[in-house]
Amino acid sequence: MANEVCFRTLEYLKQPWELEEYKSRGGYEVLTHILKNKVGPSEVVETMKASGLRGRGGAGFPTGLKWSFISRNAPGQKYVVCNSDEGEPGTFKDRDILRYNPHQLIEGMVIAGYAIGATVGYNYIRGEFWEEYERFEAALEQARAAGFLGDNLLGSGFDFQLHSHLGGGAYVCGEETALLESIEGKKGQPRFKPPFPAHFGLYGRPTIINNTESLSSVPVILKEGGEWFKELGVENSGGSKLFSISGNINNPGVFEVPLGTPFSELFELVGGMKDGRKLKAVIPGGCSSPVIPGEQMMDLTMDYDAIQKAGSMLGSGAIVIIDDQQCMVKMLDRMSYFYHEESCGQCTPCREGTGWLWRVVNRIENGKGRQEDLDLLESVCGKIAGRTVCALGDAAAMPVRGMLKYFQEEFQYHIDHKRCMVGAGPTKGLG
Amino acid sequence: MTDELVTIEVDGRELKAKPGTMLIDVTDAAGINIPRFCYHKKLSVSANCRMCLVEVEKVPKPLPACCTPVNEGMKVSTRSPMALGAQKGTMEFLLINHPLDCPICDQGGECELQDVAVGYGSDVSRYSEAKRVVPQRDIGPLIATDFTRCIHCTRCVRFGAEIAGVRELGATGRGEHMTIGTFVEKSVDSEMSGNVIDLCPVGSLTAKPSRYKARAWELTQHDSVAPHDSVGSNIHVHTRNNRVVRVHPKENESINEIWLSDRDRFSYEGLNSEDRLTQPMVRKNGEWQEVEWQEALEFAVKGLQSAAGSDGDQLATLVSANSTLEELYLAQKLTRGMDSGNIDHRLRQSDFRLDGNDSPVPGLGITIQGIESLDAALLVGSNVRKEQPIIAHRLRKAAKSGAKVSFINPLWIDLHFEADQFVSTPAVMVDNLASIAKAASAKLTGNLAKLVKAAEVSETAKSVAEQLKSANNGVIMLGNQAAAHPDYSLLVVLASAIAEATNTSLSYIPALSNSVGAALAGALPHRGPAASLVEKCGANAQMMQSKPRKAYLLMGAEPGFDFWDPSLINSALDQAECVVALTAYHSESLASCADVMLPIAGFAETSGTLVNAEGTWQSFNGLVKPQGDARPAWKVLRVLGNLLDIDGFDQNSSDDVLEELKSHAAETAIDNSVSTKTAGELNSSTEGLYRIGDVPMYASDALVRRASSLQRTNSAEPAAVRLSANQAKSSDVEEEETLVVVQDGNRAQLPLIIDPRVPDGAVWISSALPGTEKLGGQFGVVTLEKA
Ligand SMILES: Cc1cc2nc3c(=O)[nH]c(=O)nc-3n(C[C@H](O)[C@H](O)[C@H](O)COP(=O)(O)O)c2cc1C
Ligand code: SF4
Ligand code: FES
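So the protein sequences, as listed, match chains A and B.
The letter at position 127 of the first sequence is residue 136 when you use the working numbering, and the numbering goes up by one with no holes.
The letter at position 681 of the second sequence is residue 704 when you use the working numbering, and the numbering goes up by one with no holes.
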């Protein structure tokens, strides 16, 4: 029951990124069917709604619902934008889609354009993904030559141009409105919402923006039907999902499994811990999601509701497995530095607060912590979370709160003994 | 959107508002204070400071009032524990990296951060890390920067993009490294740049000229009116110990909104120039001597009487249109009282052939605010952006909302909005306008009918005519360089006929702060107070110079710098028997030709009235004592009137003078009608190299010429000869070479600059700058020689 959606071509093909191979596994059949038979756009949107697909970029917003916010017949240019910025630490699934299944993403984007009446699309690719960018460009060329992109697709009268756009290497540009600003050639800074992209998107026009995995799922959903997709998963979490799994495990990588799969099964899939280490904790949905102790994780299933009930988030599906030799203070030092460095700087709580958080954590890590620092961290988190322009502020606060919730003793140990509770003693932090 | 209002509740108070209005605008209108930094009513919403967070019922997080639209039934608390907690949280973040150097900060006492911190800050800091420091940046002589104090509200950045129309300041860097600056090391040069000083809520951007001169609480604030261009921007003059320390804009939505041009903001520095004339001076046996007022006045009266006492026509009065209404009125009264009709304020005009048929009170003809709702405008001979920055700002708003704006000019100008520019030598400007007249089927007679008939209708002419015709609200505006054009009369009649044919209106952009007032006061040879035609026409400014008189009375004008043709006025004054100058400055230019210099009060030192471009009368008080022994000019004129035994000089205050003028002119409105359809022959020619002599922004009058900080800006460029690369080649001269300019036998040595803004066949040599004070007319044929 694995590899049915985004990875459906992987095990059958040698070079699944080539157009001909993709077609040999049914690629572009759905698009062809839709265009030839003039399937109603609203039918497409309805199927997407029925599938229960929730955005795979992190927020988990229902994709079909998002599409339905755009009125296909509204006059003027509309856009489809794909978010392949993949900046969330621990996440590396969209990279595999770009590498191994770029045509499925293209097919999904054309269908999305058809559904909302957009004739232009952009795929915004993370700045460091140079090879993936080249591969995607090659796929675009093939699709254009085959008539799947361009004017009057397959004689249907529907036009769709698709371009890729390489980012500049800023995490914040993965935030959808910062991404739009960046495509427009401006500084990558999130816009305040509302208005949402569906009303005021790229160049001020109605736009849907979805994650690479969300859009790549579209052709399969339309082929097999919304119900089929929904049934793959569990209540409130339709479909299967790519999980990027990393840590000191035997077999790290990206795995497509149905939502609702128990974590313990996934843990087995990756071959358990390396070098006899023990599972200590898991970050279930990318760095921005709060950490969960290992034993608790072992009882959880990997779906939106279960993880949320446990106080964290499924997020982008990036599972970071932490073993017993890792110092949580050092880990948080790393993570806090990341948010401090990646804050766009426009809004006060994030610009000032992320730096403050990191400096305090870094101080603790370096044996200069004070007793009041633990309360201070909690209080600063409280002044950032929910008060910023975009969710980066929340993303910076959540891991701190998670670590303090479950691993406060390691922080206390650092303050008291000026060294790590686990591992080899004080380590040089960043900065 | 419907007109129906929604009802919301804020802190228990019921408020009505249009749906979709931002909450902060609703609370502001109701007088409910929500703290804010990034929000500014004249700028777009950026919602980045997060100071305005409030609690909205049923919303789990605090919401920013500046970007939360109101809707029916919304319940808001601005001071609930959640709201206050959020506001205090933001305040703490804003302060952790702020230097808190209030005691040495010029903003201290009028700082938004300081004010809000009093209400929302805490008295101890929980931040014990090192604070951020941003290296110093020099962005020019007007604005002092200290970006360590910056709170990243981006008001200055948005000002550049949205109001000034030039992105001079920007935010570079991410996160904590985000800093405001110019993208490459350069100065900020917009003609409106100083407004960022007012917008900046902290001491990150402060006024350099007044830095460290006073603490805010030591200053006294007075209302006044800016004395340069014809906008009459409303200002607050801040004084301390009888000195003007700085000038700020005063809000007046119908005139300058909340903005001020740099010239209006920083020119006050010229008040305290070392050049100020502080004691009356007379020339005895060729030597200048300081004397008491009594002696100086008697000397002046004796001189005037002996030169022009028996023949009024020997008296010529030339006055600056930056003088007050009261001064101009008394000057014409005195002149006419001496049986002379020779008075004129049009010192930068050379073509007076239309006098008598001219517009009685030339002005905008629309309101300044009304410019925003124009849908088409053709500007002839105007560098409006530098000459009347606020009018340009209003035009920019019109252009941004779709108005078609075109220019017929002798130079390419730098604009901050989209417009078509038709640039040619001065003579061809007339043809271009004639071409539009033809395309618009304008009705003309005589000479101009012939000219129009001969004109070729270009595509551009057609499109401009079309734009004007299809406009609901269009104007043809004549600017400073039209007024100085040797064929001004032709331009006016053509423009007026085009306006008639296209159903648009003729508009003048007056050059100086009281150009309109000068017409109302009767400072014209052919029109008395209220612009009524006089029976016996006097000599106009040109005739007063080309046919020298024995006696001259000058007010507020410097011969080398305020006249169309400095060489002509100089030679006229040299030949005179008696030259009496009312002046605030002891200038070389006056000292070499005057016989008496009477020190008069400058800007902010006298009461008076200015009438702006739209015809609004604006009176102000004297705010500081005139320097030294200087006296308000209206008083000097009054005493001169008495001593000359002229009737009607017994006013006791400038108000009395104003009342007297009002009895004639209170009801006189702007009147742009032109009562002819033809004009004389073309004066300008395409033969030879033709000079274009504009008046640079910071050379427009005696006060601004002495404003030292403005004079150090990049906009205050020294005199030069400017040619297009083509023209330089055919004139066989090279960049940076020093050239001798020869005009009507006068010579000046100036460096050559290659400048693509100059059309071939023309040479751009600005007037009113040192180095050009001996040259001829602003327009005319010149030759270039190698030095
Ligand atoms: C700081 C920040 C970074 C983000 N980075 C990404 C990213 O790299 N990729 C992504 O798909 N979504 C990212 N998102 C989420 C997007 O804003 C957006 O929700 C998503 O692209 C929507 O697509 P979906 O509905 O298909 O998930 C980020 C959000 C934030 C606040
Ligand atoms: S939360 Fe951070 S990244 Fe997001 S807008 Fe604010 S400063 Fe920029
Ligand atoms: S005033 Fe609302 S966020 Fe700055």
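Keep in mind that a hint or two might mislead.
[Stated by the list, open to error] Derived lysine-lysine pairs resembling DSBU-like cross-links, with alpha carbons at most 30 Å apart:
no.: 1; chain 1: B; residue 1: Lys65; chain 2: A; residue 2: Lys202
no.: 2; chain 1: B; residue 1: Lys420; chain 2: B; residue 2: Lys64
no.: 3; chain 1: B; residue 1: Lys84; chain 2: A; residue 2: Lys414
no.: 4; chain 1: A; residue 1: Lys195; chain 2: B; residue 2: Lys648
no.: 5; chain 1: B; residue 1: Lys797; chain 2: B; residue 2: Lys752
no.: 6; chain 1: A; residue 1: Lys318; chain 2: B; residue 2: Lys492
no.: 7; chain 1: A; residue 1: Lys377; chain 2: B; residue 2: Lys111
no.: 8; chain 1: A; residue 1: Lys196; chain 2: B; residue 2: Lys752
no.: 9; chain 1: A; residue 1: Lys202; chain 2: B; residue 2: Lys81
no.: 10; chain 1: A; residue 1: Lys58; chain 2: B; residue 2: Lys84
no.: 11; chain 1: A; residue 1: Lys202; chain 2: B; residue 2: Lys41
no.: 12; chain 1: B; residue 1: Lys423; chain 2: B; residue 2: Lys325
no.: 13; chain 1: B; residue 1: Lys64; chain 2: A; residue 2: Lys202
Keep in mind the hints are simulated off the structure, nothing from the lab.
Given hint B/Lys81 paired with A/Lys202 - CA-CA distance at most 30 Å
18 Å, holds
Are the Cα atoms of B/Lys84 and A/Lys414 separated by 30 Å or less?
22 Å, holds
Next pair to validate is B/Lys423 with B/Lys325; report whether the Cα-Cα distance is within 30 Å.
59 Å, violated
Would you check the hint for A/Lys377 and B/Lys111, treating anything up to 30 Å between C-alpha atoms as holding?
28 Å, holds
Decide if the proposed pair is consistent with the structure: A/Lys318 and B/Lys492, CA atoms, cutoff 30 Å inclusive.
Judged against 30 Å, a Cα distance of about 69 Å means the pair is violated.
Does the structure keep A/Lys58 and B/Lys84 at a Cα separation of 30 Å or less?
29 Å, holds
Keeping to a limit of 30 Å between CA atoms, is the pair of A/Lys196 and B/Lys752 held or broken?
This hinted pair is violated, its Cα atoms lying about 44 Å apart.
Is the hinted pair A/Lys195 and B/Lys648 satisfied, with a Cα-Cα distance of at most 30 Å?
53 Å, violated
Does the alpha-carbon distance linking B/Lys64 and A/Lys202 stay inside the 30 Å limit?
Roughly 19 Å between the alpha carbons, so the hint for B/Lys64 and A/Lys202 holds.
Quickly compare the C-alpha distance for B/Lys65 and A/Lys202 to 30 Å and report which way the hint goes.
21 Å, holds
B/Lys420 paired with B/Lys64 [C-alpha distance capped at 30 Å]:
16 Å, holds
30 Å Cα cutoff - pair A/Lys202, B/Lys41
This hinted pair holds, its Cα atoms lying about 20 Å apart.
The structure shown violates the earlier hints numbered 4, 6, 8 and 12.
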